[in-house]
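A.B. asks: Residue numbers (the numbering used here), protein chains in the order written: chain W, 227 to 658; chain Y, 14 to 154.
I should point out that these hints are in silico values taken from the structure, not numbers from a laboratory. Warning: the hint list may mix true and false statements.
[Stated by the list, open to error] Computed footprint of chain Y on chain W, listed as stretches where at least three residues anywhere in the stretch have a Cβ under 8 Å from a Cβ of chain Y:
| id | region |
| --- | --- |
| 1 | 503-516 |
| 2 | 616-628 |
[Said to hold, decoys possible] Just so you have them, the derived chain Y footprint on chain W, three or more residues with Cβ under 8 Å:
| id | region |
| --- | --- |
| 3 | 368-376 |
| 4 | 380-394 |
[As the list claims (entries may be wrong)] Some chain Y residues well away from chain W (every beta-carbon gap over 12 Å; in silico):
| id | residue |
| --- | --- |
| 5 | 43 |
| 6 | 86 |
| 7 | 140 |
Just so it is clear, the structure is predicted and the values come from calculations on it, not from any experiment. Built from N, CA and C at the ideal position, the CB exists for glycine as well.
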Amino acid sequence: MKKFFLTLAATIISVLLVQAHTTANNDSTKQKSTVIIPDPGNAGLILPKGFGALKVTDAYGKPRHIAVTPEGYIYVKLARLFNGKGIYLLKDTNGDGRVDAATGLGDYIGTGIALKNGYLYASSDENVYRYKLNTQHEVITPNQPEEIVHGLLNRREHESKSITLDNDGNIYVNVGAYSNSCQVQDRVAGSPGMKPCPILDSAGGIWQFKADQPHQTYGSGVHYAKGLRNVVGLDWNTQTNSLFVMQHGRDQLHDNWPNLYTVQQSAELPAECMYEIHKGDNAGWPYIYYDQIQHKKILAPEYGGDGKKTAGEDAINPIIAFPGHLAPDGLLFYTGNMFPEKYKYGAFIAFHGSWNRAPLPQEGYYVVFVPFKNGKPTGEWEVFANGFAGKPPIISTRNAYRPCGLAQGPDGSLYVTDDNKGAIYRIIYTGK
Amino acid sequence: MLKKISFFISSFFLLWLIVAAIPPFQNTGIKVSIQRGEKVYNKVCLPCHMADGGGVPNMNPPLIQTSYILGDKTKLISIVLHGMTDRVAINGDYYSNNMAPHNDLTDQQIADVLTFARNSFGNKASAVMPVEVKSVRSKKQ
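Next comes chain Y alone, as it looks inside the complex (with noise of 0.2 Å):
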C-alpha cells in the first residue's frame, strides 16, 4: 500500500516537475532558434531581403508585417522550400524578381529562419518547428 502511495506521489512529482519545465524551455527554445535563425539568414536570405528585412522595391519583397511573413505558415514553408515565381500583389504590390527553392535547407534551418524572421523586423509571431517543415516537405506539391 505505501509503495504503490508513494509511486503515485513520486509520478504526480515527476509530471509536475515536466509541466513546470516546458515554458521556460520553450522560451530559450524559441531563443535559441531565433538565434541560429539569424545566421541562416544573413547568409541566404540577407543578399535579397535586406538587412532590415524592408526588400528592394518592385523586385524583392519586403518581410516586414505582410500577411505572407504573419500567416499561415504552411504556405510560408512552401515558398522556402519551393522558392516563389508567381505574380502576386503583397500589401499592394508586385514584386520581379524570381526566388530560388531553398530545399537545400535542413528542417531545423527553416524552422529557424523563419522564426526568425517573425520575429524580427517588427514582427511578432510563433515559432515555426521542424516537424511542420518535414510535414511540408513530404507533401506532393
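Next up, chain W with everything else stripped away, as it sits in the complex (with noise of 0.2 Å):
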C-alpha cells in the first residue's frame, strides 16, 4: 500500500513537472503535453549523452531547408516536386511527434523557406515569394503567393537561393556564384582565372531586398555582400543583429593543379567558412580561398597563387574555418530553452557531406555544434549528431542521409532535414 502511494505521488509529480516544464517553454498554449519518445536507436543518430531522436517523416521527397511555427507545424521547401507541389505543411495531429496530416503547396522546386511575422517565405532557384498566414500559421491562399524577388540568377551550378530575414523587415538571399574558381574554362585543369571575375556584379554574393515589397530584383535590392562562393546555410543572428553564412569553399585543387596539390591537401584544403558579415564586406572569391592549416588567405592558383603566396587583403576572415569539402547548407542560432544551458546562443551546423576529398573517404555528414557568446566562439567545434551516414570509411554519397536544413521547434527540440532519402529528424534533450 505505501509502495502504491509513493508510486502515485511520483506519478503526480512527474505530470506536473512536464506541464511545469511544457508552459514555461512554450510561447504557444497549444501545444500538446504529451512527452516525445525517442525512436529507437535514435533513428541512427548518434548524440551526446542525455539527447534522443525521432524520424517525424521520411514520406515527402527531398527536403531542404524546414521551418517550424509555434504550433509544432512544419513547413519544408523541396529539392524535387512530390505529387507536383515543392512546398509541404506537415502536421503531428495525435501528439506523438511523427507526421500524420500533410499539405502541399506551390508548384517550384527550391531551398529556402523562413517564418516571420505572419507571413511563410520560400524560395525557388530565380524568385523569393510569400504567403499570408492564418493565426494558426497556416497559409491563407496557397495558390496566390506573392512574389517579392524575381529574376535572380540560375546557370544550374550553385542554384539554391537560400533565405534569412532580419528584425528590421530585410530579408537576405544567396546567389551562388554559377562557377567553381571563374575560370575562363569551369574546372578544366590549367584553366586561368578571369580577372577581374564577370561572375561577381550579380552572383557570388549576398542581396538583401525589402520583406514587404513585391517584385524586386537586382536594380532594387542591396548587393550586401561580395566574393561569397556559394552559401547555402545562413541565419539571423539576434545576439549581434548581424548576418551569418556558412560558404562552401571552392573544389578541385588537385584535380586542376596536380603540381601545387597533392590528393592529401586537395581533400582538406580549402576551408568552409563561416563568416559574420556587415553590409559592403568581400570574402574574397575567386581570387583568394582560406587555409585553415596555414591559417590564412592563400591566392587561389587560378591567379598565380602557389599554395602559400597569401593576398586578399581586403577579404574579411572567418569566424572558424572547418576543414574542407564537409558541404554546410544548414546553420541556425539556437535560443531554445530545451538543451542544457552550453547549446543557449550556440551555433549549430548541418555538413552535407562532401564528394570532393575521393580518393580519400569522404567527410561530412553531421550535424555540428559551436558554443558561443555575444556573437563569438567561445570553443572548439564539435560533432552533435553523426551516423547519417551510416559507419565509417564512407566512400559513396547516393546511398547517406545528407543533413541539409535545420529548425528550432517551439519547445527548444532541433529539426534537422536530409535531401537524399527524405528523412526529418527531430532531436530532443531527454536528460537520459
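With the hints as a guide, dock the two chains, each given alone in a separate frame, to form the complex.
C.D. replies: As C-alpha cells, then:
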C-alpha cells in the first residue's frame, strides 16, 4: 500500500513537472503536453548523452530547408516536386511527434523557407515568394503567392537560393556563383581565372531586399556582400543583430592543379568558412581561399597562387574555419530552452557531406555544434549528431542520409532534414 | 597444278587461322582495355563520379544503368571530349555541376575508360574503339 502511494505521488509529481516544463517553454498554449518518445536507437543517430532523436517522417520527397511554427507545424521546401508540390505543411495531430497529416502547396522547387511576422517566405532557384498566414500559421491562399524577388541568376551550378530575415523588415538571399573558381573554362585543369571575375556583379554574394515589397530584383536590392562562392546555410544572429553565413569553399585543387597540390592537400583544403557579414563585406572568392592549416588567406592557383602566396588583404577573415568539402547546408543559432545551458546562443551547422575528397574517404554527413557567447565562439566545434551516412569509411554519397536544413521547434527541439532520402529528424533533450 | 593447290590450301589455312584467332583476341582486347580504362577512371573520373559510379545526388550524375552510359557511343564520346554544361534529366534527375572537357586524353584512353565504365558498376555494353573516338574528335562541334 505504501508502495502504491509512493508510486502515485511520483506519477503526480512527474505529470506536474512535465506540465510546468511545457508551460514555461512555450509561447503557444496550443502545444500538446504529451511527452515525445525518441525512436529506438535514436533513428540511427549518434548523439551526446541525454539527447534522443526520432524520425518524424521520410515520406515527402527531398526536403531542403525547414521552418517550424509556434504550434509545432513543419514547413519544408523541396528540391523536387512531390505529387506536384514544392512546399509541404506537415502536422502531428495525435501528439506522438510523428507526422500524420500533410498539405502541399507551390508548384516550384527550391531551398529557402522561413517564417516571419505572419508570413511564410519560400524561394525557387530564381525567385522569392511570400504567403500570408492565419493565426494558426497556415497559408491562407496557397495558390496566390506574392512574388517578392524575381530574376535571380540560375545557371545550374550553385543554383539554390537560401533566405533569412532580420528584425528590421529585410530579407537576405544568397546567389551562388555558377562556377568553381571563375576560370575561363569552369573546372578545366590549368584554365586561368578571369580577372576581374565577371560573375561577381550578379552572383557569388548576398543580396538584401525588403521583406514586404513586391517585384524586386537586382536593381532594387542591396548588393550586401561579395566574394562568397556559394552559401547555403545562413542565419540572422539576434544577439549580434548581424548575418552569419557558411560558405562552400572551392573544389578540385589537385584535379586542376596537380603540380601544386597533392591528393591529401586537396582533400583537406580549402576551409569551409563561417563568416559574420556586415554590409559591404567581401570574402575574397575567387581570388583567394582560406587555408585552415596555415591560418591564412591564400592566393588561388587560377590567379597565380602556389599554395603559399597570401593575398586578399581587403577580404574578411572567417569566424570559424572547418576542414574542406564538408558542405555546410544549414546554420542555426539556438535560442531555445530545452537543451542544456551550454547550447544557448550557440551555432548548429548541418554538413551535407563531401564528395570532393576522393580517393580519400568522404567526410561530413553530420551536425556540428559550436558554443557561442555574444556572437563569438567560446570553444572548439564538436560533432553533435552523427551516423547519417552509416559507419565510416564513407565512399559513396548516394546511399547516405545528407543533413541539409535546421530549425528550432517551439519547445526547443532541433529539427534536421535530409535531402537525399527524405528523412526529417527531431532531436530532443531527455536528460537520460 | 600442285603448287596452285598447295597455295590454295595454305591460303585457306591462313584465313582459318585468322578467323579462329579473332574471338579470343577480342576477348583479351576488351579485358585489357577495361584494365587500362580503370586506371584512367580512377585518376580522371572518380573524383566526381565516385568509386562506385554512383555520382553525387543533384551534382554529378551516376554512371549506373543510365541511357547516357549504355546508349549512343558517339554522344558519350562527345561528352568526354567536349564536357557537359547542359541542363538535362538523367533518369528523371538533374545534375548541376559542369563537366570539364577531357580532350587532353588520347583516343585510346577515352576508348578504354568508356569501355571500362560501360562494363562496370553493373553495366554491360559493347566496347568503345579508339577509331570511334578519333572519328568523333575529327568532327566539328
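A.B. asks: Give a verdict on every hint.
C.D. replies: So, going through the hints one by one against the coordinates:
Coverage of the region 503-516 of chain W by chain Y is violated [criterion: at least 3 residues with CB-CB distance below 8 Å; count 0]. Counting residues of the region 616-628 of chain W whose beta-carbon sits less than 8 Å from any beta-carbon of chain Y gives 6, enough to reach three: the coverage restraint holds. For a cut-off of 8 Å, the count of residues in the region 368-376 of chain W with a CB near a CB of chain Y stands at 0, and the three-residue condition is violated. Under a criterion of three residues with beta carbons nearer than 8 Å to beta carbons of chain Y, the stated coverage of the region 380-394 of chain W is upheld, 4 such residues being counted.
Remark: the non-interface label on residue 43/Y is consistent with the geometry, its nearest Cβ contact in chain W lying 25 Å away (cut-off 12 Å). No Cβ of chain W comes within 12 Å of the Cβ of residue 86/Y; the nearest lies about 24 Å off, and the non-interface call holds. Non-interface call for residue 140/Y relative to chain W: holds, since the shortest CB-CB distance, roughly 26 Å, exceeds 12 Å.
Hint check: violations occur at hints 1, 3; the rest are consistent with the structure.
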